[in-house]
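Per this note's numbering, the sequence shown runs over residues 1033 to 1305.
It is worth saying that the hints were derived from the structure and are not from the lab.
Each residue gets a CB set at the ideal place from its N, CA and C atoms; glycine is no exception.
Honestly, I wouldn't trust all of these hints.
Restraint ranges, calculated between C-beta atoms of paired labels, are given here [what the hints assert, rightly or not]:
1) 1122 - 1271: 56 to 62 Å
2) 1200 - 1104: 32 to 38 Å
3) 1073 - 1292: 25 to 31 Å
4) 1089 - 1289: 50 to 56 Å
5) 1292 - 1074: 22 to 28 Å
6) 1140 - 1082: 38 to 44 Å
7) 1049 - 1084: 19 to 25 Å
In silico EDC-like pairs for lysine to aspartate or glutamate, Cα to Cα no more than 20 Å straight-line [to be verified]:
8) 1188 - 1119
9) 1300 - 1185
10) 1301 - 1251
11) 1188 - 1251
12) 1122 - 1039
13) 1122 - 1196
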Amino acid sequence: MKQKITDTLLQVATWLAAALTFGALFFLIAYILARGIPHIRPSLFALHYNTQNVSLLPALITTVLTVVLSLAVAVPLGLFTAIYLVEYAKRGNCLVALVRMTAETLSGIPSIVYGLFGMLFFVTWLGWGFSILAGTFTLAIMILPLILRTAEESLKAVPDAYREGAFGLGAGRLRTVFRIVLPAAAPGILAGVILAVGRIVGETAALIYTAGTVAQIPESLMASGRTLSVHMYALSSEGLYTGQAYATAVVLLVLVAGINTLSAALAKKIGEG
């Protein structure tokens, strides 16, 4: 009887927690849509920003560019490091423990600290100035621990029987990793990439100190620019374009949802293949 009551209470607590989570998410999305959709107008998607249209198109282009470049730097580094730690490094290696501890430590550092580091190293010491390149490398360092740890756990979750079967058929270690292990771990790795994309598009503090806040389409990687999150922060902080800031939040929400949907479809396709 006591066990039954405990199970019932745990079940109720689980359903309550799920309902609260779903309710908070639904309220947040509904609030953003209700405040932002009425302010979405064609002028918001003009090619050039000015005080009359406060266009978000330059920020949208800069956001996509920043996401692509940051992932291009961080994903290969994180993935290949994870492959080395799981597939090549000896079990109990001190280097493996050091890398894991470093990655976990870097994951807990506030984003503004990354921004200050990027400003001191990329902007000032390397002389890149406030540029897309400086912001990209700062974000790549920021998301690298997330991608590394996610990829490592995904690779470790692949059963050893897959590797043993490939070795038994005469496949080498490199071929086994890229033809057997990686496809099996792809859904988990892509989940980490999705989380990294969410952190990139939502980042503000680090980019203000490195990429700057110029509201125009960057002419090169050495030019300054602002992402959608920085654009939204700038509009809301000015206090003159609150409605347009909510409209920017709607576009940002749609962008993240679209990226997540495409990534989930890709992960499903790879898993089925």
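- Query: Failing hints, ascending?
  - Reply: 4, 7, 10, 11, 12
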